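Undergrad: Take 6 as the starting number for the sequence shown in my numbering and just add one per residue.
Check before you lean on any hint, since a few could be wrong.
Stated by the list, open to error - Pairs of lysine-lysine residues, derived as DSSO-like cross-links and limited to a Cα-Cα distance of at most 27 angstroms, are as follows:
hint	residue 1	residue 2
1	K127	K87
2	K353	K181
3	K364	K381
What the hints assert, rightly or not - Here are the in silico distance ranges between beta carbons for each label pair:
hint	residue 1	residue 2	range
4	K353	S137	35 to 43 angstroms
5	L129	K353	50 to 58 angstroms
6	F73	D324	56 to 64 angstroms
7	L129	N230	44 to 52 angstroms
8	P169	H40	20 to 28 angstroms
9	H295	H40	45 to 53 angstroms
10	N224	G372	27 to 35 angstroms
11	N89	T255	32 to 40 angstroms
12	E18	R260	28 to 36 angstroms
13	N89	T356	50 to 58 angstroms
14	G372	E301	25 to 33 angstroms
Keep in mind the hints are simulated off the structure, nothing from the lab.
Treat the numbers as computed from the prediction; the structure is a model and nothing was measured.
For glycine and all other residues, C-beta sits at the position ideal for the given N, C-alpha and C.
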Amino acid sequence: MFDIYFVTPPGLEVLTRQEIDQIIHQYQLVITNFHPEKLELSCDLRSLYIFNLTIRTANRILVRTNTFKATNFGELVDKSSKFNWEIYIQPETKVKIRTTCKKSRLYHSDAVTERIIQGLKKRLGFEPNAVSTKQDDPDNNEQLIVVRFFRDICTISLDSSGAPLHQRGYRTHTHKAPIRENLAAAMLLSMSWDGKTPLVDPFCGSGTIPIEAAYLAQNIPPGINRHFQFMAWRDYQEKTFTEVKDLLTTAIRKRPLQIIGSDRNAGAIQIARQNITDTPVSKDVLWFEHAVSNMEIPEQPGMIITNPPYGLRINTNKDIRNLYAQFGNVLRERCEGWQVLFLCNDLKLATQTKLPIKKIIGFSNGGIPVSGYYAKI
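Produce the entire structure from the sequences given, and follow the hints as far as they go.
TA: Structure representation (structure tokens):
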């Protein structure tokens, strides 16, 4: 059994917890030591594969490897060398170590990282190929090791995911200020969108929200076409992984959808169409080059879920305030009975819509704290 921990963006913990519970029950996973409030549990390899393939809101899944007390560097080197690193790290593996130290006698993170590398070398018999935490690996063979020191207790974890889980593999082009895929999924899940209700994104940009909606509606695993770091481990079971993918593929439900993405920027719509072209949902979204004033509205009431433009200097930007006012006017005039969820980083700007808004979700988008404002129109 593996002790695993789901790393999720701050603000999405409840949604990730709900996802974990749903995945456990849907696929009847064998789970022990489930601590929902900590996003921690123990599972077998098969379940680890399923979680990585299906979780929509998390950033990555860490495997806890060992926990021990260390109050000096010699003790740290010795104890960190006791783990069977050879299963996870080969001479060609690039090793990235991310270290934090709090309230511990060993408080210098760089020095701790150096001793962890010495521990790896002692166990493996070769010098690990350590790389900077700021360096990305285009070859998909980079093992992230997360080291946490707290009150002299060292906890070491291995990343099983590789590239962050929001990187589904379909977004090959981006427009300005794109929303990450897992944040788009979080918006959809926070609205309990069922896939049957019409969905419109009038500020779709590179198309992330509509594409994520199509994946969700068809029950397509978000990681079905990507690589995972656990595939480089020596205990990787290719047969089990193939069986898991086959199981998940049989659960895909193709059905007609009413999903519309529009943007007044022609370049954005072109990028959105490029991003969806090679996906299983390439025919499931209608794209329009429209300003919000001319947005397409299906007859049946549905949901508008969107990420409109916003900035850090709101008070000096009259155009963006007018855009929100226009957005609100269009919804009140043409979308009676609809529900809306939109992101904004400033309550005063959000109230320019003159809708009866309330905050239902919050997270950081591109380093900017934003809130998701909901209204029934």
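Undergrad: Assuming the hint says 56 to 64 angstroms, is it satisfied by the Cβ distance from F73 to D324 or not?
TA: Check passed, 57 angstroms falls within 56 to 64 angstroms.
Undergrad: Evaluate the given range 27 to 35 angstroms for the C-beta pair formed by N224 and G372.
TA: The hint (27 to 35 angstroms, Cβ to Cβ) holds, given that N224 and G372 are roughly 32 angstroms apart.
Undergrad: When you take the CB atoms of N89 and T255, is the distance between them in 32 to 40 angstroms?
TA: holds, 35 angstroms
Undergrad: Determine whether the Cβ-Cβ distance between N89 and T356 falls within the hinted range of 50 to 58 angstroms.
TA: holds, 57 angstroms
Undergrad: Does the alpha-carbon distance linking K353 and K181 stay inside the 27 angstroms limit?
TA: holds, 23 angstroms
Undergrad: For the range 44 to 52 angstroms, tell me whether the beta carbons of L129 and N230 fit it or not.
TA: violated, 32 angstroms
Undergrad: Quick check: does the Cβ-Cβ distance between E18 and R260 fall within 28 to 36 angstroms?
TA: holds, 31 angstroms
Undergrad: Hinted pair, alpha-carbon criterion (27 angstroms max): K127, K87. Please report holds or violated.
TA: Since the Cα atoms of K127 and K87 sit roughly 9 angstroms apart, the hinted pair holds (cutoff 27 angstroms).
Undergrad: May I ask you to test the hint 35 to 43 angstroms on the CB atoms belonging to K353 and S137?
TA: holds, 41 angstroms
Undergrad: Can you tell me whether the CB distance of P169 to H40 sits inside 20 to 28 angstroms?
TA: With a Cβ separation near 23 angstroms, P169 and H40 satisfy 20 to 28 angstroms, so the hint holds.
Undergrad: Within 27 angstroms, alpha carbon to alpha carbon, are K364 and K381?
TA: holds, 12 angstroms
Undergrad: Could you tell me whether the CB distance from H295 to H40 stays inside 45 to 53 angstroms?
TA: holds, 47 angstroms
When the structure is compared with the earlier hints, a violation turns up for hint 7 alone.
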